[in-house]
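**Q** The primary structure of each chain is shown beneath.
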Amino acid sequence: MKAFNDLADFSNDEIKALVALASRLDAHPEPDALKGKVLSLLFLSPSLRTLASFQAAMTRLGGGSFVISPDMSIHGLETRPGIVMDGTAAEHIREAVPVIASYGDAIGIRAFAERKNIEDDLQETEFTALTDLIDTPFINMESAMNHPCQSLADWKTMDDLGIPSNGGKFVLSWAYHPKALPLAVPAATLHMAAKRGMDVTVLRPEGFELPDQLMQKATAAADAAGGSIKESNDRDEAMQDAHVIYAKSWSSTRHYGDRLADQKLREQHLDWCVDESWFGNAQDDCRFMHCLPVRRGVVVADDILDGPRSVVIPEARNRMLAQMAVLHQMLGGR
Amino acid sequence: MKAFNDLADFSNDEIKALVALASRLDAHPEPDALKGKVLSLLFLSPSLRTLASFQAAMTRLGGGSFVISPDMSIHGLETRPGIVMDGTAAEHIREAVPVIASYGDAIGIRAFAERKNIEDDLQETEFTALTDLIDTPFINMESAMNHPCQSLADWKTMDDLGIPSNGGKFVLSWAYHPKALPLAVPAATLHMAAKRGMDVTVLRPEGFELPDQLMQKATAAADAAGGSIKESNDRDEAMQDAHVIYAKSWSSTRHYGDRLADQKLREQHLDWCVDESWFGNAQDDCRFMHCLPVRRGVVVADDILDGPRSVVIPEARNRMLAQMAVLHQMLGGR
Amino acid sequence: MKAFNDLADFSNDEIKALVALASRLDAHPEPDALKGKVLSLLFLSPSLRTLASFQAAMTRLGGGSFVISPDMSIHGLETRPGIVMDGTAAEHIREAVPVIASYGDAIGIRAFAERKNIEDDLQETEFTALTDLIDTPFINMESAMNHPCQSLADWKTMDDLGIPSNGGKFVLSWAYHPKALPLAVPAATLHMAAKRGMDVTVLRPEGFELPDQLMQKATAAADAAGGSIKESNDRDEAMQDAHVIYAKSWSSTRHYGDRLADQKLREQHLDWCVDESWFGNAQDDCRFMHCLPVRRGVVVADDILDGPRSVVIPEARNRMLAQMAVLHQMLGGR
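Residue numbers (the working numbering), protein chains in the order written: chain A, -2 to 331; chain B, -2 to 331; chain C, -2 to 331.
Think of the hints as simulated: they come from the structure by calculation, not from any bench. Glycine included, C-beta positions come from ideal geometry on N, C-alpha and C. Be aware that a few hints might be false.
Said to hold, decoys possible - Label pairs and their in silico Cβ distance ranges:
| id | chain 1 | residue 1 | chain 2 | residue 2 | range |
| --- | --- | --- | --- | --- | --- |
| 1 | A | Q280 | B | D209 | 52 to 60 Å |
| 2 | A | K13 | C | P161 | 38 to 46 Å |
| 3 | B | D299 | C | D303 | 53 to 61 Å |
| 4 | B | D303 | C | L257 | 35 to 43 Å |
| 5 | A | E228 | B | E116 | 16 to 24 Å |
| 6 | C | E111 | B | D299 | 50 to 58 Å |
| 7 | A | R77 | B | Q265 | 56 to 64 Å |
| 8 | C | G277 | A | T85 | 32 to 40 Å |
| 9 | B | T85 | A | L158 | 54 to 62 Å |
| 10 | B | D255 | C | R77 | 32 to 40 Å |
| 11 | C | D209 | B | D303 | 51 to 59 Å |
| 12 | B | D255 | A | E228 | 53 to 61 Å |
So that you can see chain A by itself, here it is in the shape it has in the complex:
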C-alpha cells in the first residue's frame, strides 16, 4: 500500500479486509510485525486521538514513531513556493517534509483546511503540495476534505455493533458549534457510509449544504454499493428509522471563508444540539457517533453522551485498531 489517503482508493473488499485485520490484531497481538520500523508523524494541525493512537499503534506492532509539530521548539515552516525567506520562518516544507519522511518507513501527515477558498480545499491543494514532495508511503491523518483513518474506524465501529450495511439507515447531522470547523469529517463520513451501502441522509440547516463535488462523490459510491443519499433540513423526516446519527459541526458552505457571515448564520441554529427528543421515530437502539472532540451541551446533550446510545469511546479506540491494520499492510507486517 503506497498511500492511505482516501477510502475511495480502495474496493469494498479491500476495506473489509482492513477491518478484519484490525479485529484480528486486537484479538491476536503481533508485537513483532513491524520490528524496527519507524512511522514519521507530522502534525501541521492539532491532535489528541490521532497523536496518541498512531504512537500506540506502532508500539503494539513492535515499531516506533516520532512526532514533529509546529508548536515544538523547531523553526517555523514556510509553505509558500518561490518566497525569499528573510522573515521568521527558517525552513521550507520543501526540505522539511522530505527530510522527516526520509527518517520513516512511512509518514503520517495532518494539515487542516485553510478555509479561505473552497475550491482550493476541495482540490486538496495544500495536502497534495505536501505529499507531492515525497515518495515514502503516506497516511492522510486529516486533510482539507478527508479523514480516511476516522472513516475506517467508523466503518469497523458499525460492523462491531451489527449495524446493517445495505438497509442500514445513517444520518449525518450538522450540529451547532461556536466555531466554523473544517469539512473533512463530514466529507469523509458521508462517503464512507455511502460506500458501506447505507441509506444516508445529510441533515443540515439551509446554508450548510455540503458542496456538490462531495455529494456527487458520495452518490457514486452509494450507487456502486446499493445505498442511497438524500439531504434534508427536517429532523423528524431524517431520523425516521435511523440506526445511527453521526453528529458533526462544520462551516457554512454558503459563506465559506467568511467568518462573520458564517457566525451570523450558525447562531440561528443553537438548537441543533442532539438530545433524546431527536430519537422519537428512530430505531429503538439508534446509536450516537462522533469523531471527538465534542462539546457537551453544545453539539450533544450530556445524557446522550453518557447514555447507552453513545459509542464514541469504542469508536475512538477503533482509530488505533484501524490504523494498526493500515500500518500492517503498508509496512509489510507478516
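For this one, chain A is given, so just place chains B and C on it according to the hints.
**A** For chains B and C alone, coordinates are given in the frame of chain A:
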C-alpha cells in the same frame, strides 16, 4: 495489579516484593517482558523525572508509551461536570480520559492539588473524578495528596543504603521555598517512612502542621509496623540521631488556598534551608533526601547537595526502577 | 565508546569504520541490536533533524528514547553555579542533567553557543559544564563549536557520492542570513573536510574569518591527512575545480556577541546567496551541501536546491544512519 494509587493499598510484603523486583530488573534486564504493551501517560501537571522515567521504564521492558499534556497542541480539556462547553475548551475529560486510557494497557495520570479547599484535596476529589472514568489499570503519577511512585523509589533508596527500617530515624523537614507547594510528597513520604517501621519526626514551623487526616493515616501505619510518629518545631531535638533528613517545602495548612497569608507566614522562615549546621547531633552518615526539583541555596545549601550526604541522584534513578517493577506486575510481565 | 563529542577524537580508520557501519545498518537492519536500551535526549536548543533522526535511529535498532526540552511543561533549568534559586527556575542543571542521564544508557545533549564571548564558546565552557556532571556515555548533538553528528553524516554523504578525499576540492562558503548564527557547523565542517584529506577553501567576506583556533585545528587535521586549508574572499578563485560547495551562514567573528555591528556588516553581503553563477569554473557535477534548515532565496537560490547539484535530502537522511552507527558502537550492539 489494578491500580498503583497509594502505598497503603499494599502489604509490607508486597512492597518488599516490588522493591526486590526493581533491583532484579536493574541487574537482569527483561527487554521482552512487556513486548508490544503500551502505557498511556496523561500529564495535567508539569513533570521532568516522571515524564522521563516512565518512558524509559517502558522501553527497558520492551514496550512503549505516549504522552498527552495540556501544553501540547491539543484542545483544552474541560473538567467541570454538566457545563455547557461554549468557551475555549473543546473537549471534556469525560471523553479525553477514557479515550487516552483505551489506547494503553495501563494509564499513568498526574494531576496536582487544586489548592483551593483542603478537604477536597484530602479526599482526592479531582483525581478520583479522573480515575472513576476508566476501567484500565492506572498509576498515580502524583495526585493532590499522594505520590506512590516517589515513595516506592524512596523506600528502595533507603534499602539500598542499608538504612534500618525498625529503629531507623527519619526526619521529614519542611523547608523554605518562595511558592506554596502541594502536600503530595510530604503526605506520601510521611506515610512511607511510617509504613517502613521507622521512627519519624515531622519537623516544621508553626502553621505548617500536616493535616490530622494525614497524621492519623501515618500513625496507623507506624503502629502496624512497629514505628512511631512525632512532630516538632525544634531542629536539634528532631535531628537527634537521625539516619535521614528528607527535606521538602509545602503550603501552610493554616492558610491553605490563601496565597498571601501563606506567603507572609513562610517568609518568616527563610532560615529553613538545610545546611551542615543541621547535622550536629545526627548520625555521622545521616543522609539528605529530596524528591527534586530542589532550589539550591533556598531549600538546601550547595555543599549538602554536592557532598556525600546527598543521595538525590540515585533516589531519582530509583523512580525508573520502582516504576519498572510496578509496570511489570501490572502488565503481566513474565 | 565513552563519548561522541568531536571527530578529532577518532582516527580516520575509526571514522571510516563508523561510516561503513552506517551503510551496513541501512542495507541490513538490526532491529534487535539495542533491545531495551534507552537514549536520553536533552535539547537545550531547538531542533528538527536531530530530534527526529535520533528517535528514529533508536527505534530502528530496537531500543527507544525520550526527549526533554525546556519548552516542555517542565520547570525552567538554572545553569549559573552557586546561585540562590529564589527566582523562576525551579531546578538546576546540576540535578537535572545527571538525573536525565541516569535514565538512559547514553545521553545526547544539545546546547548552542551563548554567543557572548568567543573565548568561552571556543573553550566549550557551557557544554563541558554539562558533560562534566555525568559519567554516562554522551553524544554531542551540537555544542558551541562542534556538531560531530553532522560531520559524520557529511563525510558519509561525500563517500556515497564518490567525491574524492585526497584531491577532492571542498569549498566551505559563508552565506547571507538575517541572523547571526553559531559557528558550530562551519567549525565542524572545516575540520571534517580537512580530516578527510580534502583541499579546503574557506570562502567568506572580510569580518567573517573563522577564529585562529579553529583554523589551526583544521590545518593540523589537513596536514595529517594529506589535505590543505586556505581562506579566500574571492568567489571565482575559491570555486575553481570545486567538487563540493558547503554553504552556511555564521556570525561575524570581528563583532562576536555584538548583534548590531554584526548586522551592519552582514547586510553589506546580501549577494552571498549561492546560485548557478557561482559554479562557472567548478567541476561540472559540483555538489551543493547544507546542514539544513536553509533559507531559500537568501542562503541559496531555489533552482540550486531543487536541481541536481543539491544533496541536502540524502545528507539529512545520513544523519540518522551516522547516528545509528555511533549508537551501535556506544551501546554495545552486537
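**Q** Please write out, lowest number first, the hints stated earlier that are contradicted by the structure.
**A** Result: hints 2, 5, 6, 9 and 11 break, sorted rising.
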